[in-house]
Amino acid sequence: AQSVTQPDIHITVSEGASLELRCNYSYGATPYLFWYVQSPGQGLQLLLKYFSGDTLVQGIKGFEAEFKRSQSSFNLRKPSVHWSDAAEYFCAVGWREYGNKLVFGAGTILRVKS
Amino acid sequence: KAGVTQTPRYLIKTRGQQVTLSCSPISGHRSVSWYQQTPGQGLQFLFEYFSETQRNKGNFPGRFSGRQFSNSRSEMNVSTLELGDSALYLCASSSGQGAGDTEAFFGQGTRLTVV
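Note that the protein sequences, when read in sequence, are chains A and B.
If you count the first sequence from 1, position 64 lands on 1300 in the numbering used here, and the numbers rise without skipping.
If you count the second sequence from 1, position 41 lands on 1237 in the numbering used here, and the numbers rise without skipping.
It is worth saying that the hints were derived from the structure and are not from the lab.
Some hints here could point you the wrong way.
Unchecked claim - Partial selection, computed: residues in chain A whose CB lies under 10 Å from chain B:
(1) Ser1262
(2) Thr1266
(3) Gln1278
(4) Leu1282
(5) Lys1337
(6) Phe1340
(7) Gly1341
Just so you know, even glycine gets a beta-carbon here, dropped at the ideal spot from N, CA and C.
Isolated chain A (complex conformation) (with noise of 0.2 Å):
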């Protein structure tokens, strides 16, 4: 069965530190991945998306994200965190015999200490 694991359920850093949310998933050799933002009570925004190509990939906000195929991952990461920065990030992954299903972790809320 399809799976996502984020394996953090929270994440406190400070402003000007470095971050990095962990995405695991289970099933397939070609999934499509992808990070989302959720502010409360709102939609998710891509970050961005990995569908194949090179394995290091730029979002918008100076996210970006590695594909990692041997483990399995596909971990967010930003040098610098700005306080504006806090919210909750999913990452998802869908494949191809799913068409536009996606199957989301549980979310990683970010907290921001200034």
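Use these hints to put chain B onto chain A, whose structure you have.
For chain B alone, kept in the frame of chain A given last:
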């Protein structure tokens, strides 16, 4: 270009009632997917419609149903509401046939409260 529009934004219903939620995708998008978001279960896939046909369905009871019209607008219906149906319901639209074709754009959701 208008985004994904979900109506209404907020709903309060009583147990046992039924409810219909609406989603208007981005113009030209033929795929609409629905997700339920709750604090306990997170984001769960309900179903996807593509060109008026249901292509995928999540693990939800038959009380949850949907349809898509020829203009790609979609509705989701929940009958015999239960307290556990209280959730944020999100709609996503895509222009491609699969997740690897293009990204999904999400609406702001409908917050359903069942009392």
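Minimum Cβ distance from A:Ser1262 to chain B below 10 Å?
Where the cut-off is 10 Å and the nearest Cβ of chain B is about 16 Å from A:Ser1262, the hint is violated.
Double-check A:Leu1282 for me: the hint is only fine if its C-beta lies closer than 10 Å to a C-beta in chain B.
With a minimum Cβ separation of about 5 Å from chain B (threshold 10 Å), the hint on A:Leu1282 holds.
Going by Cβ atoms only, is A:Gln1278 closer than 10 Å to chain B?
holds, 6 Å
So, A:Lys1337 near chain B? Judge it on the closest CB pair being under 10 Å.
OK, holds: A:Lys1337 within 10 Å of chain B, min 5 Å.
Interface hint for A:Thr1266, Cβ within 10 Å of any Cβ on chain B:
holds, 8 Å
Against chain B, with CB atoms and a cut of 10 Å, does the hint on A:Gly1341 hold up?
Holds, because the Cβ-Cβ distance from A:Gly1341 to chain B comes to roughly 8 Å (cut-off 10 Å).
Cut-off 10 Å, beta-carbon criterion: hint that A:Phe1340 touches chain B
holds, 4 Å
Checked against the numbered hints given earlier, this structure breaks only hint 1.
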